[in-house]
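A.B. asks: Spelled out from the first residue to the last, the chains are:
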Amino acid sequence: MTAVVYVPRDSSAVSLGADAVAEAIRNEAASRGRDVKIVRNGSRGMFSLEPMVEVATSGGRIAYGPVAAREVATLFDSNFLDGGPHRLRLGVADEIPWLKSQTRLTFARAGVTDPVSLDDFIAHGGYRGLGRAVEIGADAVIAEVKNSGLRGRGGAGFPTGIKWKTAADAPAMPKYVVCNADEGDSGTFSDRMIMEGDPFVLIEGMTIGALAVGATQGYIYLRSEYPHARRALSEAIATAYSNGYLGANVLGTGKRFELEIRLGAGAYICGEETAMLESLEGRRGMVRFKPPIPALEGLFGKPTLINNVMSFATVPIIVERGAEFFRDYGAGNSRGTIPFQLAGNSKRPGLIETAMGVTLRKIVEDYGDGTASGKPIRAIQVGGPLGAYFTDAMLDTPLDFESVAARGGILGHGGIVVFDDTVDMARMARYAMEFCAIESCGKCTPCRIGSTRGTEVLDDIVNRRRPRENLEVLRDLCDTMKFGSLCALGGLTPPPVLSALKYFPQDFGLTPQDVAFIGDDLTISTSGAVSTHAIAGR
Amino acid sequence: MNSRNGDGANDVRVIDEIAAGLADRPGALMLVLHAVNDRLGYIPPEAVPAIASALNLSRAEVHGVVSFYHDFHTERRGRKIIRVCRAESCQAMGAVALAKHIQARLGIDFGQTSANGDFTLEPVYCLGNCACSPAIIVGDDLYGRVNPDRFDEIFSEITSPGPTR
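In order, the protein sequences belong to chains E and L. FYI, in my numbering the residues of the first sequence are 1 to 538. FYI, in my numbering the residues of the second sequence are 1 to 165.
Treat the hints with caution; some may be incorrect.
[To be verified] Computed cross-link-like contacts, DSS-like style, restricted to lysine-lysine with a CA-CA straight-line distance of at most 30 Å:
1) L:100 x E:375
2) E:146 x E:302
3) E:347 x L:100
4) E:100 x E:347
5) E:502 x E:362
6) E:290 x E:302
What the hints contain is simulated information worked out from the structure, not anything from laboratory work.
With the hints as extra help, turn the sequences into a complete structure.
C.D. replies: As structure tokens, this is what we get:
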């Protein structure tokens, strides 16, 4: 009998040696005369256990991990093909508490199926959303998306259904569907994981979107840093074409939808939707003024439905199960589940899909189990490089759009990066400005000049060069960047800087009174001089 | 065919071929630049007028796009490109010290190519491997949880003669 063994092809698993493990299993099986079929699945997102190997048994899929290639022979010795006992045996994969306690809607298939097998996709519920979409028609699909309460998972959190309705009602033709797969935020990898682990669900979501708004051409704007995702997606797209799920006559509806991957070229700003459109048109990724909004005048001046990978990948289950099913999860105006990505100095980092409103503590302490270094947690950046830093005193903050915004932060794309007590927050604040300077498109002055000026001013403060005056300059600079920038890059570079200042003033050689101009929600009080009595007293 | 060590005239022929093949695609310039970059390893100066003419753009427009994106290079680079993530998650796991180690090991700074032309060292801002920080990527091969010792192992792997992994 052929034993079926799963070894992830997910690039993070591969970065820890999954390819070598797969090779070792193949060789060992051959030398022992065992008939083994190796399926390269996606990752389930428990990266402390990767490379995690699973074996299909009558008692479910038994997991072993983290497996190193040199240990494969011992797995065979322990009869792992029948789920035998071994030091690395984790039990039934679905029953591992870290995984079982999650609510996997968007990531239901990731790590379970062969990502590039259409049969596997369909056998696990794939394309049911598209099937229902065809059945109920465009208006009903848009109503489902709207009523589900789904808000854009790319970072801005704009209601997805409203975007869809606007694009659908736009009279101009042709229309486009563009997926923003330029996942540039440090600490985020959910888009990558779905593209590598369940690419058909993205294709399905985009196809539902295209049929709903009447678009005939789709593009996936994929960052060039993701070669593994590109391979999996390309394979899935080709298979979708050859099976009638893409092309001139989608599922026999008579409707055309063509889908193509376009590569970015290493520019973070191209994750901003209008810069992405410029790049797709073959130009510098310069941010456009809005209005017009892309839903009305987007790619090549035509109505364009733009959503993040996560948003599109969540649509199929919403359409399949109905708006209420998704809306029943979540808190306040943040409905449904969201895949959080726990990263940085975390003991058990990974992909945690759960209902909105879970506390930061639950993610960082329960799932993450503290730091990888074993040292105390000092700071947590929520929402990517443009998100605010939190302290361990703020761990009870619920992770939903509103609660994080009340702290002056953003939920962003759901990235959560943990730092231990060795972190120098003045350095992280400087990095925020430096990153903005490197990645600024240069169109607006607050971002282009402000970011470089910001690094200089922070250097001056830390090096005690006229700190009082320079803190005032920094305050005004942050205010100018926040309100004067054209897009979120310049506009949201202040939150990481201001939160680092507010919660860790000692790292800058400042006192809490010095930074009293920063409010609890990171608003900046610009009236009067900065209170720097401690500095002035020196 | 990789004409990395080819002559200029051959490069222009390759560029003309690429541009002609892609000229009709919407937003063709990015496609052309990626293809040239992939084939030649960089965008040589003679590519700019050739691409401009094939796509009916000005040289300034082409130059502007080339200079905007981190991926497009106007000088020859090393045979292997080592990119080290410098973003927050990797910093939280020691990327700053790792970068210093790699610079010392290779004897070059970010943006430089080793004297023998073997390696170019570049910064990268996130490889999506944040749950396995710090991360580096050599060509298209991604590595996670890279500390200085592990880098030395990787380095001897990629510099040893014989088939690459």
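A.B. asks: Each hint: holds or not?
C.D. replies: Tested hints:
Between residue 100 (chain L) and residue 375 (chain E) the CA atoms are separated by roughly 23 Å; this keeps the pair inside 30 Å, and the hint holds. Between residue 146 (chain E) and residue 302 (chain E), the direct Cα distance comes to roughly 23 Å. Compliance with the 30 Å bound is thereby established for this hinted pair. The suggested pairing of residue 347 (chain E) with residue 100 (chain L) holds, with an alpha-carbon distance near 24 Å, which does not exceed 30 Å. Using a Cα cut-off of 30 Å, the hinted pair residue 100 (chain E) and residue 347 (chain E) holds, with the two alpha carbons roughly 18 Å apart.
Of the pairs offered as hints, the one joining residue 502 (chain E) and residue 362 (chain E) holds, with about 24 Å between alpha carbons and a cut-off of 30 Å not exceeded. About 14 Å separates the Cα atoms of residue 290 (chain E) and residue 302 (chain E), which keeps this hinted pair within 30 Å; it holds.
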